[in-house]
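Chemist: Whole structure, please, built from the sequences with the hints as guidance.
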Amino acid sequence: MVSKEFIQMRRDRVTFAMMIGIPMIQLILFGFAINSDPKHLPTAVYSADNSVFSRTLVWALRNSSYFDIVREPRNEGEIQRMLAQGSVQFAVHIPVDFSRKLLRGEQPELLLEADATDPSAVGFAISAINSLTQSVLNRDLTGPLNRLRPSPAPFRLVTHPHYNPENITQYNIVPGLMGVMLTMTMVMITALAITRERERGTMENLLSTPVHPGEVILGKIVPYIAVGYVQVFLILLASKYLFHVPIVGSVPLLLSLVLLFITANLAVGIMFSTVAKNQLQAVQMAFFFFLPSLLLSGYMFPFRGMPLWAQRIGEVLPLTHFLRVVRGILLKGNGLSEIARDLWPIALFALGMVALGIKRYRQTLD
Amino acid sequence: MDSPLVIDVEGISKRFGGRTVVDNIPMQVRRGEIYGFLGPNGSGKTTFLRMLCGLLIPDGGSGRCLGLDIRTEAAKIKKQVGYMTQRFSFYEDLTLEENLDFIARIYGVSRRKEAVEKSLERLGMTARRRQMAGSLSGGWKQRLALSACLIHEPQLLLLDEPTAGVDPKARREFWEQIHQLAASGLTALVTTHYMDEAERCHRLAYIAYGRLLARGTVGEVVAAGGLSTWQVAGPDLPALAEHLRALPAVEQVVAFGATLHVSGRDAARLRSSLMPVMTPGHRWEEIEPGLEDVFISLMDAAKDNFV
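Protein sequences appear in the order of chains A and B. Using the working numbering, the letters of the first sequence correspond one by one to residues 1 to 366. Using the working numbering, the letters of the second sequence correspond one by one to residues 367 to 673.
It is worth saying that the hints were derived from the structure and are not from the lab. Cβ atoms here follow ideal geometry from the backbone N, Cα and C, with glycine treated the same way. Honestly, I wouldn't trust all of these hints.
[Stated by the list, open to error] Pairwise CB distance ranges (calculated):
| hint | chain 1 | residue 1 | chain 2 | residue 2 | range |
| --- | --- | --- | --- | --- | --- |
| 1 | B | R496 | A | H212 | 42 to 50 Å |
| 2 | A | K359 | B | R496 | 34 to 42 Å |
| 3 | A | E199 | B | I423 | 18 to 26 Å |
Modeler: Quick look at the structure:
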């Protein structure tokens with residue numbers, strides 16, 4: 001019995017590869033890619049006060065390794081837009097009279113705005129900046145300025161965690177779950193769809209009829225789009241009434257964009273089902289796709305905490321972009337213009353998968 | 367015999383990997399004919415059928431099926447062909463009616479409801495219409511498959527071992543129906559392993575190892591085999607068979623119930639070989655060789671030539 005199992009295992013190359021491959025991927029992803037203490041978060045600095053103190057502050061932020069100053073916006077509106085798009089995680093706002101008030105010992109406010117949709121992504125950085133405030137200016141406060149040295153701190157840090165001010169993890173997780181569930185079920189169901197026809201022998205019958213490959217693929221996709229929408233409605237209802245997630249943005253906009261994401265996942269499933277030889281392989285492939293989607297998309301772990309190569313992979317996956325879209329709409333109240341840059345990667349991915357699927361779909365049994 | 371050719375192909379070949387599964391096979395079938403296609407397992411029958419209906423693309427050869435080119439007009443051929451697969455290939459989790467309705471939709475049958483109703487009636491399945499196809503017995507599955515093949519009123523039926531695993535009564539009914547359909551102008555190409563079914567066909571072709579070994583009417587095939595056969599009955603046949611196999615000119619000794627069929631292609635030498643062993647303890651009789659004798663002889667000869 002044991003030797004028979006080993007023989008069969010060896011014959012089924014794909015299963016064998018998956019058995020080795022999935023643990024390897026897990027090992028690499030968990031070992032190298034995941035970091036729950038994200039550093040080098042993109043930060044915008046809007047400095048209205050050009051003084052030695054503000055320059056020191058910026059320099060200290062850079063040095064803390066938590067903040068990468070990538071943008072220098074010119075006005076408040078630009079800051080809001082960057083945060084909404086998610087192009088920066090933080091925006092530091094140094095007010096116009098910062099140095100003047102500082103010198104007067106009036107404890108000026110330093111405003112730190114954060115995109116706190118994912119509380120775990122910003123937590124460490126905020127505590128890092130908090131500890132900074134105590135000591136950062138010591139070097140500049142010498143001589144007659146010595147009296148301004150801490151106790152209490154020379155300025156006050158005001159933090160505005162936007163979009164999820166109470167740091168409630170559910171607000172981030174539950175909308176994201178929509179994408180995760182769609183990825184899991186849609187890919188799996190369609191991966192099985194054509195494989196099942198082949199395994200039960202009904203494919204031979206279908207192929208002997210005049211049915212067009214496009215009709216087969218479309219026929220396999222359409223019913224599951226409906227299933228996908230049922231899932232979306234369930235999660236939206238649960239978000240609102242069970243988890244009380246604040247739904248800031250437009251639900252109709254979300255519902256229309258979900259179609260793109262569902263299609264992308266169904267296309268992956270169809271592509272898998274043209275490759276898989278049996279239903280087991282189809283399920284394994286679906287899992288193979290699901291694993292990195294879950295881990296590298298920013299759903300479980302902060303996207304920006306991952307090394308660059310992992311982010312690159314993540315950028316390819318539709319879930320990564322869909323998470324930004326769904327969180328953007330529900331939590332940030334984003335409109336089409338802020339999320340457009342996350343739509344085309346999903347569309348491109350879907351297109352690629354459909355093309356691969358049609359290319360792989362065989363109209364004959366050859 | 368001057369009805370038009372429904373299948374007219376030459377030199378059809380198919381290779382899988384390095385192995386030639388169908389090797390240079392011609393076939394001509396006329397309208398209204400029931401054409402039997404015989405050969406041992408793995409001889410290439412199913413592959414040949416699949417090439418006729420566009421499921422596989424031939425590596426070599428060309429020809430026309432229903433007047434359409436099998437290479438370039440497969441899509442048009444499919445509309446007029448009913449293909450019944452060897453394995454039951456309908457949806458086990460759909461009812462009879464749902465299965466028929468699905469197939470009718472795929473073929474774009476006009477007045478679909480009527481067509482489904484008609485085929486349910488014709489096959490006497492009206493009472494079972496809501497039964498799941500998966501819970502049907504072998505005979506009923508075969509009936510369902512046949513009626514699904516017929517729902518779009520095809521010109522040509524390709525039936526791949528349609529009666530495998532079906533009881534004799536259902537087989538007889540099946541053949542009755544095929545003959546009725548043929549009388550109305552439908553052409554059928556049927557693969558089978560049963561000799562009685564082969565004899566119900568108007569003409570046959572026999573292939574082994576992917577090659578055509580004989581074709582024609584039953585009489586023509588038997589004559590072409592050039593075999594003479596002796597039937598022997600009596601006690602202790604297994605021992606006798608052992609002994610006979612060692613004799614010169616005896617090419618095959620096959621047990622048929624309580625008798626042995628002893629055959630060879632050289633009639634004179636066979637007779638002289640057998641004379642000494644024709645003891646009074648056994649009843650010897652020269653008979654007309656059957657299809658089965660001929661096919662076994664053809665296959666053995668083919669093995670010598672090709673393998």
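Chemist: Each of the hints needs a verdict: does it hold here or not?
Modeler: Structure-based check of each hint:
Checked against the hint of 42 to 50 Å, the C-beta distance between R496 (chain B) and H212 (chain A) comes to roughly 30 Å, which is inconsistent with it. Distance hint for K359 (chain A) and R496 (chain B): a CB-CB separation of about 41 Å, consistent with the stated range 34 to 42 Å. At roughly 23 Å, the beta-carbon separation of E199 (chain A) and I423 (chain B) lies within the given 18 to 26 Å, and the hint holds.
Hint 1 alone, counting from the list given before, is not met by this structure.
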